[in-house]
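Enquirer: Chains A and B, in that order, give the protein sequences.
Position 177 of the first sequence, counted from 1, bears residue number 177 in the numbering used here, the numbering being contiguous throughout.
Position 167 of the second sequence, counted from 1, bears residue number 1167 in the numbering used here, the numbering being contiguous throughout.
Just to be clear, a hint being listed does not mean it is correct.
What the hints assert, rightly or not - In silico lysine to aspartate or glutamate, EDC-like type, Cα no more than 16 angstroms apart, as pairs: (1) A/Lys93 to A/Glu37; (2) A/Lys124 to B/Asp1047; (3) B/Lys1035 to A/Glu39; (4) B/Lys1051 to A/Glu143; (5) A/Lys93 to A/Glu143; (6) A/Lys93 to A/Asp54; (7) A/Lys238 to A/Asp200; (8) A/Lys240 to A/Asp280; (9) A/Lys146 to A/Glu89; (10) A/Lys124 to B/Asp1066; (11) A/Lys238 to A/Asp289; (12) B/Lys1035 to A/Glu127; (13) B/Lys1044 to B/Glu1083; (14) B/Lys1075 to B/Asp1107; (15) B/Lys1075 to A/Asp280; (16) A/Lys194 to A/Glu127; (17) A/Lys124 to A/Asp200; (18) A/Lys238 to A/Glu265; (19) B/Lys1126 to B/Asp1107; (20) A/Lys194 to A/Glu143; (21) A/Lys93 to A/Asp148; (22) B/Lys1075 to A/Glu39; (23) B/Lys1051 to A/Asp54; (24) B/Lys1035 to B/Asp1096; (25) A/Lys146 to A/Asp105; (26) A/Lys194 to A/Glu265; (27) A/Lys238 to A/Asp280; (28) B/Lys1051 to A/Glu39; (29) B/Lys1035 to A/Glu265; (30) B/Lys1035 to B/Asp1016; (31) B/Lys1051 to A/Asp219; (32) B/Lys1035 to B/Asp1052; (33) A/Lys124 to A/Glu143.
If you're looking for bench data, these hints aren't it; they were derived computationally from the structure.
Next come the chains, spelled out residue by residue.
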Amino acid sequence: MRRWSFLLQILLPWLLASVSPASAGPITTNTALPVHEGEFVIRVQTKLTRATDDPSPADRVLSVWAVPTVLVYGATERLTLFGVFPYFEKRLKVRTPNGRETRGDSGMGDIRFLARYTVGQWDKPQETVRLAPFLGLEAPTGEDDKEDALGRLPPGLQLGSGSWQGIFGTIFTWQRLAWEFDASASYRLNVDAKDFEPGDVTRFDLSFQYRLTPLELADGVPSFLYAVAESNLVWQEKDKLSGSRDDNSGGLTWFLSPGLQYVTERFIVEAAVQLPALQDLNAQVLGSDAIFTGGFRMNF
Amino acid sequence: MWTATVAASAQAEVSDIELAVNGIACPFCVHGIRKKVGEVDGVKNVDVNLKDGIVSILPSAAASPDPEALREAVKRAGFSAGELRITAIGTLSVADDGVRLNLRRTDQVYYLFEQGVEAPLSLGPKLQERLVELGKANTTVRVTGVLRSNGGAWPGLSVDTLERLDE
């Protein structure tokens, strides 16, 4: 179970941490573009990931469906507040002596609150460069003590972590009419809950968007179709069980994510597939399949 | 650079405004600009041309939008306001501190100046002479130029183009 525990621990924070919308921006990571003062943006994504290549006799199949809904509020022209409300369906199918069993849970996970402040803003004609650190907390609002016939679900299958978590980082964005580049670095500080402490997570994200259409801008406000290429490097430290490090946990995962994004004045529709390019894990852990991401954002 | 143009009826006191907005580079960002500019008093309608960086605004019949309020709206949308170019209609008067354009039907006044003149917010002798003549004749004129802040006094307006509206 530890192998699966690691897989869940590294994927689920990753799924959530990738949602932080503002204006047009990356699909799987963050942007420093502004949300206008006093206004809201809503973003809903659906993320589906599966892990099916289990070499063990247990023939385990993990599927996680995450639907994070993000409400964004422009408190000032520089300060943006985020609330992330995730819904999960987590299912682990495993072969047992009694036949195939399914474990898991579904419902709302831990709610996250983030504040992002633009400390650097360099605007030029049809071009902007922004730098924006962010700071956040994740509240233990999701169920973390779910049990089934086989006992208490492992932490990774629980909807919530059971503890407060902290996250901080910074985002750099450079946008022009034809393209956009975003880079972000973040650190997620996980704390102990019920004698289990997931390893802290460090991630580096890059995103490049290039406008495919229109080739020439027409009058008015034409909608843009972007090709998107993103990179997500995620490193998780080893978990702690009752204060001891779990050598069957932690490691490095690198995803490459091609995608498409359609941007209008009022909404954005986007899709990407996150492909594991590297999974350098600390133990013989089952790697994940691709992660499919789709979503939309709307201005209010 | 992104500009906003106010297209107005011939009776409006400020008939055209071009507000340069720096930092805007995608359609999703336009919404904030359109909404914030549209909330400014005196703005009836806003049209955007992203290609040329132009927003066309139809002012309400009762009042013209305050240029400083437009700048503030751009800032609240998260972007940077640049040069503000307007076309204003009014009559000229000469005071000790310069030549004024007094807008019709409002109390708004602009001090006229000439771009390229070394002293700030001042006029070259040739243009000043012409403006004084027009002022003495109480002629209604249309002036197009760039607005400049004037240390808390009435703002300055450069005389880039000057047109007599009555003979």
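Enquirer: With reference to the structure, classify each hint as holding or not holding.
Expert: Going down the list of hints, with the structure as the test:
1. Simply put, A/Lys93 and A/Glu37 have alpha-carbon atoms about 47 angstroms apart, too far for the 16 angstroms limit, and the pair is violated.
2. For a cut-off of 16 angstroms, the pair hint linking A/Lys124 to B/Asp1047 is broken: about 22 angstroms separates their Cα positions.
3. At roughly 10 angstroms between alpha-carbon atoms, B/Lys1035 and A/Glu39 fall within 16 angstroms of each other, so this suggested pair holds.
4. Pair hint B/Lys1051 plus A/Glu143 does not hold up; C-alpha atoms about 50 angstroms apart against a cutoff of 16 angstroms.
5. A threshold of 16 angstroms between alpha carbons decides the hint, and for A/Lys93 with A/Glu143 the separation of about 20 angstroms lies outside it, so the pair is violated.
6. Between the alpha carbons of A/Lys93 and A/Asp54 the distance comes to roughly 11 angstroms, so the proposed pair stays at or under 16 angstroms and holds.
7. Straight-line distance between C-alpha atoms of A/Lys238 and A/Asp200 comes to about 8 angstroms, which keeps the hinted pair within the 16 angstroms bound.
8. For the given pair, A/Lys240 sits about 19 angstroms from A/Asp280 by alpha-carbon distance, which is inconsistent with the 16 angstroms threshold.
9. Only pairs whose Cα atoms come within 16 angstroms are accepted, and A/Lys146 paired with A/Glu89 is accepted, the gap being roughly 13 angstroms.
10. Between A/Lys124 and B/Asp1066, the direct Cα distance comes to roughly 24 angstroms. Violation of the 16 angstroms bound is thereby established for this hinted pair.
11. Taken as a hint, the A/Lys238 and A/Asp289 pair is broken in the structure, with Cα atoms around 22 angstroms apart against an allowance of 16 angstroms.
12. Annotation: proposed proximity of B/Lys1035 to A/Glu127 is violated, straight-line Cα distance about 20 angstroms (limit 16 angstroms).
13. For the given pair, B/Lys1044 sits about 22 angstroms from B/Glu1083 by alpha-carbon distance, which is inconsistent with the 16 angstroms threshold.
14. Of the pairs offered as hints, the one joining B/Lys1075 and B/Asp1107 is violated, with about 26 angstroms between alpha carbons and a cut-off of 16 angstroms exceeded.
15. With a CA separation close to 46 angstroms, the supplied pair B/Lys1075 and A/Asp280 exceeds the 16 angstroms bound.
16. Only pairs whose Cα atoms come within 16 angstroms are accepted, and A/Lys194 paired with A/Glu127 is rejected, the gap being roughly 49 angstroms.
17. For the hint pairing A/Lys124 with A/Asp200, the CA-to-CA distance comes to about 38 angstroms; that exceeds 16 angstroms, so the pair is violated.
18. Restraint check for A/Lys238 and A/Glu265: the C-alpha separation of about 44 angstroms exceeds 16 angstroms, so the hint is violated.
19. Between B/Lys1126 and B/Asp1107 the alpha-carbon distance is near 28 angstroms, which puts this suggested pair outside the 16 angstroms criterion.
20. For the proposed pair A/Lys194 and A/Glu143, the alpha carbon gap of about 13 angstroms is at most 16 angstroms, so the pair holds.
21. The hinted pair formed by A/Lys93 and A/Asp148 meets the criterion: a straight-line CA distance of about 13 angstroms does not exceed 16 angstroms.
22. A hinted pair counts as satisfied when its Cα atoms are at most 16 angstroms apart, and B/Lys1075 with A/Glu39 qualifies at roughly 14 angstroms.
23. Distance check on the hinted pair: B/Lys1051 and A/Asp54 sit about 53 angstroms apart at the alpha-carbon level, beyond 16 angstroms; violated.
24. For the suggested pair B/Lys1035 and B/Asp1096, the alpha carbons sit about 41 angstroms apart, so the restraint of at most 16 angstroms is broken.
25. Taken as a hint, the A/Lys146 and A/Asp105 pair is honoured in the structure, with Cα atoms around 8 angstroms apart against an allowance of 16 angstroms.
26. For the suggested pair A/Lys194 and A/Glu265, the alpha carbons sit about 47 angstroms apart, so the restraint of at most 16 angstroms is broken.
27. Taking the CA atoms of A/Lys238 and A/Asp280, the gap is near 13 angstroms; set against the 16 angstroms cutoff, the hint holds.
28. Taking the CA atoms of B/Lys1051 and A/Glu39, the gap is about 25 angstroms. The hint is violated against a cut of 16 angstroms.
29. A hinted pair counts as satisfied when its Cα atoms are at most 16 angstroms apart, and B/Lys1035 with A/Glu265 qualifies at roughly 11 angstroms.
30. A distance of roughly 19 angstroms separates the Cα atoms of B/Lys1035 and B/Asp1016; the hinted pair therefore is violated under the 16 angstroms criterion.
31. Distance check on the hinted pair: B/Lys1051 and A/Asp219 sit about 6 angstroms apart at the alpha-carbon level, within 16 angstroms; holds.
32. Restraint check for B/Lys1035 and B/Asp1052: the C-alpha separation of about 19 angstroms exceeds 16 angstroms, so the hint is violated.
33. With a C-alpha separation of about 48 angstroms, the suggested pairing of A/Lys124 with A/Glu143 is violated against the 16 angstroms cut-off.
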